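The numbering of the sequence shown is my numbering, which starts it at 72 and goes up by one.
Quick caveat, the hints were computed from the structure, so don't treat them as lab data. Here the structure is a predicted model, which is why all the values come from computation and not from measurement. Hints may be right or wrong, so weigh each one.
[Unchecked claim] Only pairs whose alpha carbons sit at most 25 angstroms apart, straight line, appear in this in silico DSS-like list of lysine-lysine:
1. K297 with K316
2. K146 with K161
3. K343 with K317
4. K279 with K253
5. K102 with K253
6. K317 with K352
[Claimed, not checked] Computed beta-carbon distance windows for the label pairs:
7. K242 with E195: 36 to 42 angstroms
8. K352 with T215: 55 to 61 angstroms
9. Q158 with T224: 17 to 23 angstroms
10. A162 with K242: 16 to 22 angstroms
11. R122 with E192: 27 to 33 angstroms
12. T258 with M211: 27 to 33 angstroms
13. A101 with A173: 53 to 59 angstroms
Cβ coordinates follow ideal geometry from the N, Cα and C atoms, glycine included.
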Amino acid sequence: MKKIVLLVLAFVATYSVQAQIETPAPSPAAKVWQTVGLTDVTLEYSRPSMRGRTVFGDLVPYDMLWRTGANARTKITFSTDVMVDGQALKAGTYAIFTKPGASSWEVFFYTDSQGGGTPAEWDESKVAAKTTVEVNKMEMPIETFTMTFDDLTSNSAVLGILWETSYVGVKFDVPTDAMVMKDIEKTMAGPDAGDYYAAAVYYYSEGKDIAKAKAWMDMAMAMTAKPAFWQLRQQSLIYAKAGDKKGAIEAAKKSLAGAEAAGNADYIKMNKDSLKEWGAK
C-alpha cells in the first residue's frame with residue numbers, strides 16, 4: 072500500500088512540473104490597432120498556419136460559417152460609428168464571421184463578440200452588417216492567417232483577410248469629414264491661430280475651397296508672432312495652389328531660412344525643390 076501511495080505522489084509531482092512548462096500556441100494571438108481619419112480601430116484575432124494543409128475548400132470548407140481565424144472569436148472595435156456597404160455600424164465591438172467561397176465571401180459583423188468559435192445557434196438579429204466581397208488570388212502564398220488595414224484614406228480603409236493564396240477586402244467608411252467640418256464650424260465662431268491654421272491645412276489637403284484655406288492661413292499667420300518654418304511651408308503650398316506664386320515664393324524663402332537655422336534637412340530640400348519649381352530667383 073505504501074508503495075502505491077508513493078507512486079501516485081510521484082506521478083502528481085511530475086504532472087505538476089509538466090503543467091508549468093510554457094509552450095507556444097499553435098495559433099498565436101494578435102492585436103492590431105489602426106487610426107483611420109479620426110476613428111480608432113482595434114482588431115483582435117488568432118493566427119493559424121497552413122502547415123502543408125489545403126486551407127480553403129478543405130480545412131476551411133466552402134459555404135460554411137467560419138470564425139475567421141482560430142480560438143476566440145475575431146473581434147473588431149470601432150471608436151466611432153462607421154459604414155459597411157451602406158449599412159451603419161454603431162461604435163463598439165463586433166465579432167467577424169465569414170462564409171468563404173471559391174470566388175466570393177460573405178462577411179458578417181455580429182454583435183455577440185464573446186466566446187470561441189461560431190454560435191451554437193445563429194441569431195440573424197445580431198447581424199449588425201453584412202456584405203459580399205470577391206476573392207482575389209495572390210501569386211505568393213501566405214503561410215499564416217493574416218488580417219490587415221489597407222488602402223487608408225482620411226475617410227475609409229479596407230479590412231484585408233489573407234491566407235493561402237486568397238485575399239478578400241472589406242471596405243469601411245469613417246465619418247472623418249463630417250466630424251472635422253462640425254469641429255470647424257463650431258470653432259470658427261471664436262477661433263485662435265491654431266484653429267485657423269488647422270482648418271486651412273485640412274481644406275488644402277482635402278481639396279476643398281482653396282480661397283477659404285488661403286484666407287484662414289492669412290489669419291493664422293497674422294495672429295502668430297513668429298511662425299515656425301513648418302507653418303510657413305504649409306502657407307507656401309496653399310498660396311501656390313491658390314495661384315499666388317509671388318506669395319508662395321516669399322513664404323517658402325522664410326520657411327527655408329527657418330529650416331536652415333533649425334538644421335532640418337527634409338524641410339530644406341522640400342523648400343528648395345518648391346522654389347525651383349515656382350521659378351524663384
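Right, here's what the structure says about each hint:
Distance check on the hinted pair: K297 and K316 sit about 22 angstroms apart at the alpha-carbon level, within 25 angstroms; holds. With a C-alpha separation of about 14 angstroms, the suggested pairing of K146 with K161 holds against the 25 angstroms cut-off. Taken as a hint, the K343 and K317 pair is honoured in the structure, with Cα atoms around 15 angstroms apart against an allowance of 25 angstroms. This hinted pair checks out: K279 and K253 have alpha carbons roughly 15 angstroms apart, not beyond 25 angstroms.
Between K102 and K253 the alpha-carbon distance is near 32 angstroms, which puts this suggested pair outside the 25 angstroms criterion. A threshold of 25 angstroms between alpha carbons decides the hint, and for K317 with K352 the separation of about 11 angstroms falls inside it, so the pair holds. K242 and E195 have their C-beta atoms about 23 angstroms apart, which leaves the hinted 36 to 42 angstroms range violated. For K352 and T215, the Cβ-Cβ distance of about 57 angstroms falls inside the hinted range of 55 to 61 angstroms, so the restraint holds.
Distance hint for Q158 and T224: a CB-CB separation of about 19 angstroms, consistent with the stated range 17 to 23 angstroms. At about 18 angstroms, the beta-carbon gap between A162 and K242 stays in the expected band of 16 to 22 angstroms. Checked against the hint of 27 to 33 angstroms, the pair R122 and E192 passes, with Cβ atoms roughly 32 angstroms apart. Here the CB-CB span from T258 to M211 is close to 48 angstroms, at odds with the stated 27 to 33 angstroms.
Taking 53 to 59 angstroms as the suggested C-beta distance range, the pair A101 and A173 does not conform, at roughly 27 angstroms.
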